[in-house]
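**Q** Quick note, the sequences are listed as chains A and B, same order. Its first residue numbered 266, the first sequence is counted upward by one per residue in this note's numbering. Its first residue numbered 425, the second sequence is counted upward by one per residue in this note's numbering.
Honestly, the hints are just simulated from the structure, not real lab data. Be careful, since some hints might not be right.
Going by beta-carbon spacing under 10 Å, a handful of chain B positions derived as facing chain A [claimed, not checked]:
1) Q497
2) G503
3) Y506
4) Y522
5) K526
6) G528
7) K535
8) L536
9) A549
10) L550
11) A597
12) L655
Beta carbons are placed, not taken as given, at the ideal position from N, Cα and C, and that holds for glycine.
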Amino acid sequence: METLARIIRLGYNNFWRNRWLTLGATLLMTLTLTMISVSLVLSLVVRDTAATIRSKIDVEIYFRDDSVEDGRILALAKRIEAQPNIAQTNFIDKQEALSIWGRLPINESIKKPITTAYNPLPRSLQVKAKDPDDIQGAVNAIEQADREQLICSECVSYGKNKEAVDKLISITRIVQRTGIFLSIFFGVIAVFNVLNIIRITIIARADEIEIMRYVGASNAFIRGPFIIEGILYGVLGTVITTLFLVIITKIVAPYTLAAFSVLGIDFYRLVVSNLGFLISLQLIIGVVLGVVVSSVSIRRYLKA
Amino acid sequence: MEEVLQIGSSTPPPVQQPKVKVPLIELRKVSKRYGGRFAVQDVSLVIYEGEFVCLVGQSGVGKTTLIKLLTKQETPSSGQVYVAGRNLSELRDSEVPYYRRKIGVVFQDFKLLPQKTVWENTAFALEVCGVKTADINRRVEKVLDLVNMGRRAGNFPSELSGGERQRSAIARALVHSPKILIADEPTGNLDPVNTWEIIELLYRINQKKTTVILATHNRQAVDRIQRRVILMKSGKLISDQKSGKYVI
Numbered sequence: 266m267e268t269l270a271r272i273i274r275l276g277y278n279n280f281w282r283n284r285w286l287t288l289g290a291t292l293l294m295t296l297t298l299t300m301i302s303v304s305l306v307l308s309l310v311v312r313d314t315a316a317t318i319r320s321k322i323d324v325e326i327y328f329r330d331d332s333v334e335d336g337r338i339l340a341l342a343k344r345i346e347a348q349p350n351i352a353q354t355n356f357i358d359k360q361e362a363l364s365i366w367g368r369l370p371i372n373e374s375i376k377k378p379i380t381t382a383y384n385p386l387p388r389s390l391q392v393k394a395k396d397p398d399d400i401q402g403a404v405n406a407i408e409q410a411d412r413e414q415l416i417c418s419e420c421v422s423y424g425k426n427k428e429a430v431d432k433l434i435s436i437t438r439i440v441q442r443t444g445i446f447l448s449i450f451f452g453v454i455a456v457f458n459v460l461n462i463i464r465i466t467i468i469a470r471a472d473e474i475e476i477m478r479y480v481g482a483s484n485a486f487i488r489g490p491f492i493i494e495g496i497l498y499g500v501l502g503t504v505i506t507t508l509f510l511v512i513i514t515k516i517v518a519p520y521t522l523a524a525f526s527v528l529g530i531d532f533y534r535l536v537v538s539n540l541g542f543l544i545s546l547q548l549i550i551g552v553v554l555g556v557v558v559s560s561v562s563i564r565r566y567l568k569a
Numbered sequence: 425m426e427e428v429l430q431i432g433s434s435t436p437p438p439v440q441q442p443k444v445k446v447p448l449i450e451l452r453k454v455s456k457r458y459g460g461r462f463a464v465q466d467v468s469l470v471i472y473e474g475e476f477v478c479l480v481g482q483s484g485v486g487k488t489t490l491i492k493l494l495t496k497q498e499t500p501s502s503g504q505v506y507v508a509g510r511n512l513s514e515l516r517d518s519e520v521p522y523y524r525r526k527i528g529v530v531f532q533d534f535k536l537l538p539q540k541t542v543w544e545n546t547a548f549a550l551e552v553c554g555v556k557t558a559d560i561n562r563r564v565e566k567v568l569d570l571v572n573m574g575r576r577a578g579n580f581p582s583e584l585s586g587g588e589r590q591r592s593a594i595a596r597a598l599v600h601s602p603k604i605l606i607a608d609e610p611t612g613n614l615d616p617v618n619t620w621e622i623i624e625l626l627y628r629i630n631q632k633k634t635t636v637i638l639a640t641h642n643r644q645a646v647d648r649i650q651r652r653v654i655l656m657k658s659g660k661l662i663s664d665q666k667s668g669k670y671v672i
């Protein structure tokens, strides 16, 4: 027990004694963890964005005011929903259509003439396919469900945004792949930097290691303080990276929200809601990296 | 230089070889080669318990290599080194630290940790071995008194003279109560007064039954103490006198 306390104290003291080297190692560790975290957050954004875009793909059916009553549309909606490849349907009545109109980001002077009293907005039924790529299947399913022929063909709008969506999705895929490649690339560079600086901190204390060996310190005792240091690099790196991420995303969130309002990308919320995951991932990577690099670097000093 | 030898209050007592000779260190046809060059060549040697042995020769004759073979920093290219009946070549890596706790080593450049006080440097040798704190305090105090460094216990190495540094290093080497104390040119960086103080200290340590091996090229010191002298030249052992002088 006493020995363990001594090892921890030694590691802790070494950490503070060589402040500049420690600072360098901690910053490089922070840089590594930041690169990994940022690319992780970005890939989460890309994933969410892709999901948001895909969820926008649907088939919309419009009904003229004089064509059918709401009740029959709802019954039709139920039949459509029962089809195997349909995820959900959503009936929008005139009132709701008006409130959606009210929320549209367009000029007030265009919005204003349409009120409860004068509401030419049609009722509609939104149909979402289980597989957003299979819009044609959804259309077929709708036709099958429409036994009463309530729907006139020109009232069905589908696939109008499919081409644009497909393009967007293929872009997000490219972004995602590039992100993974870049994060691996920078990650490897960062790992080598951490490796080098930890080795420097160990070389700087070669004399101390030599003396420890002369006085009969066991290898475990010599290695111990360096492993404690490695853990401290990981923990401190995690703390700094997390603070950095939270603060930076908090600052940029209003701008990104404004820029990507349609997609609803909120970096800050994304970071905060994944904070536990991010912190544990950073801790694991940081501590494992610190400990592994320390133990590997010290090994050549431990030959008897 | 002659007057230096008069300094020191005590004169060395007459040669007292132990009554029953117990071999402590034995080298059998030991050679150590670095590349094609022999640093130590075909050395056979027995050192008995309680002996004071001067290992002499000019720089580069293989004294330090021989010492490294004894401390298991080097393994012989051929031949065997036995210490206390154990063949050092058969020591496992994990056993080496425990072996080193049984020998104390002192160097020309002291090898003290600059950020630690005299007390901490000495205590460090016990801390790394897992000795209890109360025990450490007792033993450090005792050994610092022995080397007459008690009053300097709170000082850092940079605040000490060369002689004081070497005495601190000796305290650290002795704090384990080793059976063997190996000193590799301990006076190489010291002036004549400090040199004699250190030699005298080693002498006193030897009186307390610790086997001392002193590697040096300081002729006065060797001649003064009149103990066994082993002379090396070009890696070979060329003379071994029971109570001798440094002759080349």
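**Q** For each hint, tell me whether it holds in the structure or not.
**A** Results for each hint:
1. Q497: Nearest chain A Cβ about 8 Å off; hint holds.
2. G503: Where the cut-off is 10 Å and the nearest Cβ of chain A is about 19 Å from G503 of chain B, the hint is violated.
3. Y506: violated, 17 Å
4. Y522: Since chain A brings a Cβ to about 7 Å from Y522 of chain B, closer than 10 Å, the hint holds.
5. K526: holds, 8 Å
6. G528: holds, 9 Å
7. K535: holds, 5 Å
8. L536: Holds: closest Cβ of chain A sits about 8 Å from L536 of chain B, inside 10 Å.
9. A549: holds, 4 Å
10. L550: holds, 8 Å
11. A597: holds, 8 Å
12. L655: Because about 27 Å separates L655 of chain B from the closest Cβ in chain A, which is outside the 10 Å limit, the hint is violated.
In this structure, the hints that do not hold are numbers 2, 3, 12, in rising order.
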